[in-house]
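Produce the complete structure using the sequences and hints provided.
Protein sequences appear in the order of chains F and U. For this note's numbering, count along the first sequence from 1 and bump the result up by 103. For this note's numbering, count along the second sequence from 1 and bump the result up by 593.
Just so you know, not all the hints are guaranteed correct.
DMTMM-like, lysine to aspartate or glutamate: derived pairs with alpha carbons at most 25 Å apart [said to hold, decoys possible]: (1) U:K862 / F:E116; (2) U:K1225 / F:E116; (3) U:K1227 / F:D222; (4) F:K180 / U:D820; (5) U:K865 / F:D120; (6) U:K1037 / F:D118; (7) U:K865 / F:D118; (8) F:K215 / U:D1290; (9) U:K1126 / U:D835; (10) U:K899 / U:E1050; (11) U:K862 / F:D120; (12) U:K811 / F:D247; (13) U:K669 / F:E189; (14) U:K862 / F:D118; (15) U:K862 / F:D130; (16) U:K865 / F:E116; (17) F:K180 / U:E917; (18) U:K811 / F:E189; (19) U:K865 / F:D130; (20) U:K997 / U:E871; (21) U:K865 / F:D165; (22) U:K862 / U:D835; (23) U:K1095 / U:D905.
With the Cβ distance kept under 8 Å, some of the chain U side facing chain F (calculated, not the full set) [to be verified]: (24) P966; (25) L1289; (26) A1294.
No lab work stands behind these hints, which were simulated from the structure alone. Where a beta carbon is used, it is the ideal one built from N, C-alpha and C, also for glycine.
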Amino acid sequence: MQLEINGESRTVEADGDTPLLWVLRDDLGMTGTKFGCGIAQCGGCSVLIDGVVTRSCVTPVDSVAGKAVTTIEAIEKDPVGQRVVEAWVRHQVPQCGYCQSGQVMAATSLLKQNQTPSDEDIVASMINLCRCGTYNAIKRAVRDLAGHRENEPAGGHEA
Amino acid sequence: MSTTLDNAPAGEALPTGDPVNISRRGFMLGAAGASAGALVLGFGLPVDAARAQAAAGKIVPGTRVPAFLEIRPDGKVRLQSPFMEGGQGVMTAMAQIVGEELDADPASFIVDHAPTGPDYQVVFGTMRITGGSMSVRTSYTTMRRLGACARQMLLQAAAKRMNVPVASLTTQPGHVIHAASGKSLAYGDLAKEALDLPVPAVDSVPLKDPAQFRWIGKPVARLDMHDKSTGRAQYSIDQHVDGMLHAAVLHAPRLGLTVGAVRNLDQIKAMKGVHSVEPLGGAVAVVAQRWWHARRAIDSLQVDWKEPASTDGLRYMPADFSSEAHSQLLATVQGRIEDAETAGDVDGALKSAHTLVSATYHSQFLNHAQMEPPSALAHFLPDGRLELWFPNQSPDMFLALIAKQTGLPPEKITLHSPLLGGFFGRHFTYPNASPYPQAIELAKRTGAPVKVIWHREEEFLRDPVRPMAAVRFRGGLDASGMPIALEAVSATEGPTEGIANKRGDKRDDSALEGLTGKRYAIGNKRIAQLYQKAPPAVAYWRSVGNSMNDFFYEVFLDELAAKGGKDPYELRLHLLRDNARLTTLIKAAADLSGGWKAGPYTAPDGSRRARGIAMASPFGTETAAIAEVSIKDKQVVVHEVWQAIDPGSIVNPAIIDAQVNSAAALGLSQVLLEEAAYKDGMPVARNFDGYPIMTLDRMPAVHVRIVESGAKMGGIGEPGLPAVPPAVANAVARLTGQPVRSMPLSRMTFAA
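Here it is as structure tokens:
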């Protein structure tokens, strides 16, 4: 089977119903896309299919033939993705980091569709789970990318 | 009271079979030896070679500079960290602490997880765990000295090279400077000679005056942000060895059951990609060329499970166990009550009290639900050595268990400890809770490296849970409405005694911490435990006993305040009137929130809101939290959390802010949503579809104020949690007038 992954044509030998996630991880050795739940609940496995965020753990590999698959490994080659990564670093978003590949993909997809998402758009789109609770940092990073001014004061520090 | 963290004997080896209670007050490493306290981590193990060696004085942990540091020609500093990075920022904190004294920019550090061995037993100089919010506070001076010794070695090497006295040299970040000549040498240029020098005696090298700190105390950027934002960070589940096979596992539905027969063995073996079907102790594994093939076969497996002949000594899950019924049992069960903390005459004071208040509170079992499912990769090398990768918070304790399982001497086992995809207490040496014994066994049977991944459903089946408790309170008020007596009897099994699956010689302090250790001046008190075992396997969960016990205490304290007609903030101030540190702290929380107001009041958006306040003293740190809530569609909405935290002194305020946010998220998740329920001996939820956790849309703003009182340094990873659930519950009770005596609040409906 021929797949287009990160702009390259790749040949894989897999049953058509194999989830794209496991083709990426085990056949192609691309481990940046994470396994979390296997039932499209957590979003750790998010990739872009033709630019739209998709949960690869429930996406049969034969359904993406002829489509452009973008994974976290190539996210910085995408101008929007690069901005997202920069914002993630600037806002020090990750903690354990395990869900963050998926969070970055979700944010990239959102910003590709809507350059200036409102807070409501952000809440509606950033639905991946993060057990470390980096949600406020994620919100800050996406709001920054959307051009919102932060009006929330930073935490104080008394010596 | 048992030996506390503050006076744990430094330099004392752990006694045989006496591992560590990671909770706040649980350091029972005293001279009582094996009789000291309840035993858990690596329970029943011999003292491992590393610790014995350390105790024999051959290697003093945290002193051999070359075991920790490599300075590369380009000036990059590679540090072998004794602590596992799992999101808490310890990698960066270690770079700051060592870099400060070494005089090397933390940004120039590459931090890896150190191998096993005596050098890295730096927690009190006796052990190595990443937990109990202990990493920085227990190794701070050791790691500073390490950096200072390394700097001294660089100075000595430069003096030799330049042929000048050491005293004429100084450093700038990454360089040795000879001021008189204006010459300088880069660390990377000197490192080889320097690290060959004998390490100076640890206390012969002075440490910096904290007033001169360049990086400690500053919001230094974390080192792992880019890798973790681009998928480059590698976790256990990402490890690969050429020729490895993959395995998925089906566990017995209940602990204690074993494999009777696989009814459709031939059918499974004939499935595509399947290498073999392997019955294990309480599980069946399918080994395949690809994990997906193994996983698919698991769904088709038909296994007959066998009840054990005897349940003696087993952590056995009966077929009729229900968490709901257990919760009711805890509320009413009678038995021996063991005092943990007493003062005055609680019975007398309750008898003479003007007003008596009594109530029973409940907590729930909780899953860790870290995002990375457990995995383990085992590889036997041709020379008989064994190499392993799996998530762990205590590598040497696991090493001892692996040596026992395999019969290999520890020196023939290499345990790699990759980044943790979240942990929250998940990855200690709990029985039946890690796939590494399965990976070892499968690698042995197949003759190939094997990586086992537990899919989420299997993880929810074998994740050991946070214990459940029911606490019976009695409180007494005087005629003016002031609390004069408080009694709390908790029917529960502590995590430490639960993991050991038996009671220790002493009460398990981690059962009651958070009911004990409260700072309020209430003259008559009794905090006690009624030990009641529960069938589910239990574990430490972020902030351990404090995760529920501060909820119980602080919400009951608000009940007393309400009954006595007192404002909850004013009452706490009164009860802390002789405690300057906590008076400052609670005022800081109130100030951060714009001044204390309980409400209810109408917010600008028209919603009716109220605020609640709570405090906690977890892991050597003090906290005060205020939460603002409203009710929408009969459920609780948390709008804001303000938390003041006093860890004494700090290393990185940005990481503290992130950790308080993180702990608050988990505390909110617990109080609002989470419950690991059991029915018919099985967990009801087997994946995130049945186990709701905190999501971005529910996450309130979290405002953090750090107060550095200068007291002894406390922990950071866990302390931000315990005050949050009671602050929310107190706000909800204030707003609705409904008492809140159990978690999660999603079980209740509220009238707005």
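Quick rundown of the hints versus the structure:
1. U:K862 / F:E116: holds, 21 Å
2. U:K1225 / F:E116: Not satisfied, since the Cα-Cα distance of roughly 51 Å exceeds 25 Å.
3. U:K1227 / F:D222: Holds. K1227 (chain U) to D222 (chain F) sits at ~24 Å (cutoff 25 Å).
4. F:K180 / U:D820: Within the cut-off at roughly 15 Å; holds.
5. U:K865 / F:D120: Measuring from Cα to Cα gives roughly 13 Å; hence the hint holds.
6. U:K1037 / F:D118: violated, 29 Å
7. U:K865 / F:D118: Roughly 10 Å separates the two Cα atoms, so the pair holds.
8. F:K215 / U:D1290: holds, 21 Å
9. U:K1126 / U:D835: Distance ~45 Å between K1126 (chain U) and D835 (chain U) Cα, so the pair is violated.
10. U:K899 / U:E1050: holds, 21 Å
11. U:K862 / F:D120: Since the Cα atoms of K862 (chain U) and D120 (chain F) sit roughly 20 Å apart, the hinted pair holds (cutoff 25 Å).
12. U:K811 / F:D247: holds, 23 Å
13. U:K669 / F:E189: holds, 23 Å
14. U:K862 / F:D118: The hint holds at about 18 Å.
15. U:K862 / F:D130: holds, 22 Å
16. U:K865 / F:E116: OK: K865 (chain U) and E116 (chain F) at ~13 Å, within 25 Å.
17. F:K180 / U:E917: violated, 52 Å
18. U:K811 / F:E189: holds, 22 Å
19. U:K865 / F:D130: holds, 15 Å
20. U:K997 / U:E871: Roughly 22 Å between the alpha carbons, so the hint for K997 (chain U) and E871 (chain U) holds.
21. U:K865 / F:D165: Holds. K865 (chain U) to D165 (chain F) sits at ~18 Å (cutoff 25 Å).
22. U:K862 / U:D835: Within the cut-off at roughly 23 Å; holds.
23. U:K1095 / U:D905: holds, 11 Å
24. P966: holds, 7 Å
25. L1289: With a minimum Cβ separation of about 4 Å from chain F (threshold 8 Å), the hint on L1289 (chain U) holds.
26. A1294: Hint on A1294 (chain U): holds, closest Cβ of chain F at ~6 Å, below 8 Å.
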